[in-house]
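Enquirer: One letter stands for each residue in the lines below.
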Amino acid sequence: MNLTRDPLIPMVAQVTDIRADTPDVKTFRVVGLDGKKPMEHIPGQCAMLSMPGVGEALFSITSSPTNEDYLEFSIKKCGCVTNWLHAIEPGQQLTLRGPYGNGFPVDTDFLGKDLLFIAGGIGLAPLRSVINYVRHYRERYGSVDIVYGARSKEDLVDYQEILTQWCREDGIHVHLTIDNPQPDWEGHVGFVPNYVKELAFDTGKTVVMCGPPIMIKFTLAGLEELGFRRDQVYTTFELKMKCALGKCGRCNIGDKYVCKDGPVFRLDQMTQLPDEY
Amino acid sequence: MKTWKLSTLDALFAAIAGKQTLYIPADVAGQPVFARWEPGLAMTRALNTGRSAKDLFFPQVEDLARFRVAGKTVSVSPAQALQEPFVIFGVRACDCRSFDILDSVFLAEPADTFYQARREQATVVTLACSQPEETCFCTSLGIDPQAPGGDVSCWMAEDTLYLQANTEKGEALLASLPRLEDGEKPDADSSVFDKLPLKDLDFSAFSGKALMDWFNSPVWERLSQSCLGCGSCTFVCPTCQCYDVRDFDTGHGVQRYRCWDSCMYSDFTMMAHGTNRPTQKERFRQRFMHKLVYHPNNHGGQIGCVGCGRCLQKCPISMNIVKVANALKEGKA
Ligand code: SF4
Ligand code: SF4
Ligand code: FES
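Protein chains in written order, with this note's numbering: chain D, 151 to 427; chain F, -11 to 321.
The following block holds chain D by itself, in its conformation from the complex (with noise of 0.2 Å):
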């Protein structure tokens, strides 16, 4: 007899609070009927949130493994889930599964490292989580720079936390940019990839990047001209999905499964795969 719960079973879960980060991204945060964290996670990693009779989706955690209160997902209003999700309000309870993914090797690959963060978008999202556990755990990392940008001020996802926080730390370096020039806005104008290329960062930083796939490309290709390699550069994808377990075939690019496989891949492992994200 098998009395193990399915791994597809979600466990109830409740919104405690609900953050209107721009016009189109609230911040969600998420308790276990208990009221405590549901999940322990790796920074990049990702669960799979639901209302039944609307659907369920997947969005990576935005909060740090560091935070030990509750989860926090920054969402964009995009889709049917996501739509449901911005109407909401807090004390409803959701459908929670997870966590799903590899995340970003925080306590391997990064340790010792100069990083170079770079998101576009609603791209900060995932990169949350990896930037404020290295904040927790700043001694055991270089340098950070922190290179963001959205179509507008507005737009940009955490405008608070970067301004009152990051920004103030020793040893951080924030370049926020935006697609347009604005009246209240003193800072850079432009795309990130053109900004990144700009401001000709050393070649050593380890790069953990996220955004648009078009985003991602060109500035890919911005890095390889200033001289980073493949190997150095990280980041994540994001493909539809509905099991989050490697089972229901949906999220592969060539042999790999971005649900398990993934989200994070080194872009160096890429190279042998096919183009489809």
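For the record, the hints were derived by calculation from the structure and aren't laboratory data. Any given hint could turn out to be false.
[As the list claims (entries may be wrong)] Cross-link-like lysine-lysine pairs, in silico, DSBU-like; alpha carbons within 35 Å at most:
{"id": "1", "chain 1": "F", "residue 1": "187", "chain 2": "F", "residue 2": "311"}
{"id": "2", "chain 1": "D", "residue 1": "367", "chain 2": "F", "residue 2": "269"}
{"id": "3", "chain 1": "F", "residue 1": "183", "chain 2": "F", "residue 2": "173"}
{"id": "4", "chain 1": "F", "residue 1": "60", "chain 2": "D", "residue 2": "303"}
[Stated by the list, open to error] Okay, the calculated beta carbon distance ranges per label pair:
{"id": "5", "chain 1": "F", "residue 1": "240", "chain 2": "D", "residue 2": "237", "range": "18 to 26 Å"}
{"id": "6", "chain 1": "D", "residue 1": "240", "chain 2": "F", "residue 2": "97", "range": "31 to 39 Å"}
{"id": "7", "chain 1": "D", "residue 1": "241", "chain 2": "F", "residue 2": "43", "range": "41 to 49 Å"}
{"id": "8", "chain 1": "F", "residue 1": "261", "chain 2": "D", "residue 2": "350", "range": "30 to 38 Å"}
{"id": "9", "chain 1": "D", "residue 1": "167", "chain 2": "F", "residue 2": "254", "range": "36 to 44 Å"}
Heads up, the beta-carbon is just placed ideally off N, CA and C, and yes, glycines get one too.
Position chain F with the ligands relative to chain D; hints supplied.
Expert: Relative to the frame of chain D, chain F with the ligands by itself:
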């Protein structure tokens, strides 16, 4: 080895069905399928079922959980995995091998408990082939259709059914049956398999060469051109295992179920902002790359096809894995 008179096969089925549910290949509404045996149901004369035996382990539609939603609260009750033992009789060697391929996916950690329960509850009784179809090519995949495996292997010769237990479960099944006699089956004639047109296909090349060479082959454009994206090939295939998870509002709650899906469908990888396989060429390529290259790469060289020939018989445009494999090896646009 045990024997049973074929003229009283019905009595054998009745003896098995007296203790547990029994499925046999039978004609239902004119189609050979695995059906629950009841008195009077006879075995089909067809060599194999139109739909494969995977239905019994990975049904086309299967409940996962039921949810109740009230105000802001949600509760879950998981569906029960199968608890009763059953016997599936008359599985051909190709379909029996397909269970190994499904196992390598569904039983990999974390195991799919619904599939696992069915596998544990099942006793698989296979049946050797003696009159293959021209579309059969299991021998090209290292399968011996005259030594079909499973928990019990069976052979039919003249007026006798020969039964050989291969596992403890098989032993237990045979021990539970009355009136089995001892006997030895006559040597089978395998010459008919040597004459099959597709007996000499070589699939070993695909996991040998770099994945990207096959992926970038010029043949995909031409081969996929007339594919209708109907998904028939994936539904009849015993090794195709892709599924979707969906919710259905019953009016008294929400039923979450999984159902077969097909990589041949345009919405298979569709997301809010588009799909990474925009044309039938990419979807077609995915199906065959998965069987010939990706699956073997991930599972110690095991090809994701068992040579059952169903896709050769059912595809409305006569496209199939044999044509694809041959074209890939030729490499001509
Ligand atoms: S690919 Fe075709 S021949 Fe091979 S197992 Fe599937 S249906 Fe049978
Ligand atoms: S290959 Fe044939 S059976 Fe498969 S989807 Fe295309 S047309 Fe349908
Ligand atoms: S989401 Fe099902 S295989 Fe990756």
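Enquirer: For each hint, tell me whether it holds in the structure or not.
Expert: Now for the hints, and whether the structure bears them out:
no.	hint	result
1	F:187 with F:311	holds (14 Å)
2	D:367 with F:269	holds (23 Å)
3	F:183 with F:173	holds (23 Å)
4	F:60 with D:303	holds (34 Å)
5	F:240 with D:237: 18 to 26 Å	holds (24 Å)
6	D:240 with F:97: 31 to 39 Å	holds (36 Å)
7	D:241 with F:43: 41 to 49 Å	holds (43 Å)
8	F:261 with D:350: 30 to 38 Å	holds (32 Å)
9	D:167 with F:254: 36 to 44 Å	holds (39 Å)
Checked against the numbered hints above, the structure breaks none of them.
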